[in-house]
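S.K.: Sequence:
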Amino acid sequence: MKLIKTHGEDPTFFQKILQWSVVGVLVSTMAVVFYANWFYPHGNFYPTGDVICENDDRGPCHEQYKEDLRYVSIPKWVKTVRQNQSGAMLLIFASGIFTVVSYVGLDKKQKS
Numbered sequence: 003m004k005l006i007k008t009h010g011e012d013p014t015f016f017q018k019i020l021q022w023s024v025v026g027v028l029v030s031t032m033a034v035v036f037y038a039n040w041f042y043p044h045g046n047f048y049p050t051g052d053v054i055c056e057n058d059d060r061g062p063c064h065e066q067y068k069e070d071l072r073y074v075s076i077p078k079w080v081k082t083v084r085q086n087q088s089g090a091m092l093l094i095f096a097s098g099i100f101t102v103v104s105y106v107g108l109d110k111k112q113k114s
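3 is the number of the first residue of the sequence shown in the numbering used here; add one for each residue after it.
FYI, nobody ran anything at the bench for these hints, they're computed from the structure.
Don't take every hint at face value.
Stated by the list, open to error - Label pairs and their in silico Cβ distance ranges:
#1 Asn46 to Thr14: 49 to 55 Å
#2 Lys68 to Leu20: 44 to 50 Å
#3 Lys18 to Asn57: 38 to 44 Å
#4 Ser23 to Glu65: 40 to 46 Å
#5 Phe36 to Asn57: 27 to 33 Å
To be verified - Derived SDA-like pairs: lysine to any residue, alpha-carbon spacing no greater than 25 Å straight-line:
#6 Lys68 to Thr14
#7 Lys78 to Cys63
#8 Lys81 to Met91
Quick reminder that beta carbons are idealized off the backbone N, C-alpha and C, glycines included.
Given only the sequences and the hints, what does the whole structure look like? Please build it.
M.R.: As structure tokens, then:
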């Protein structure tokens, strides 16, 4: 039995590597967002003046607040993570979807 597989022997080998790499990115991103939000101090929240309405502008409306990070003594990477949380959540969601689809495809290939 060979320990190193090549592309010619098992085409799903690289798919497994890619799948586990994406899972690693998913878990790492979640850990960084969790760590930045729970273990570093938060700044004051201020109203932006924008009104956000839920349910296609029919539901409850409320004023939007943002965190003021200018005077908080935290590392720059934490400020970047907090200001771009929607991008991090999109990365987490896309990684999760890719992993599930890849796993289902890999499972179907192995059964046939």
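S.K.: In ascending order, which of the hints set out earlier in this document are inconsistent with the structure?
M.R.: 2, 6, 7
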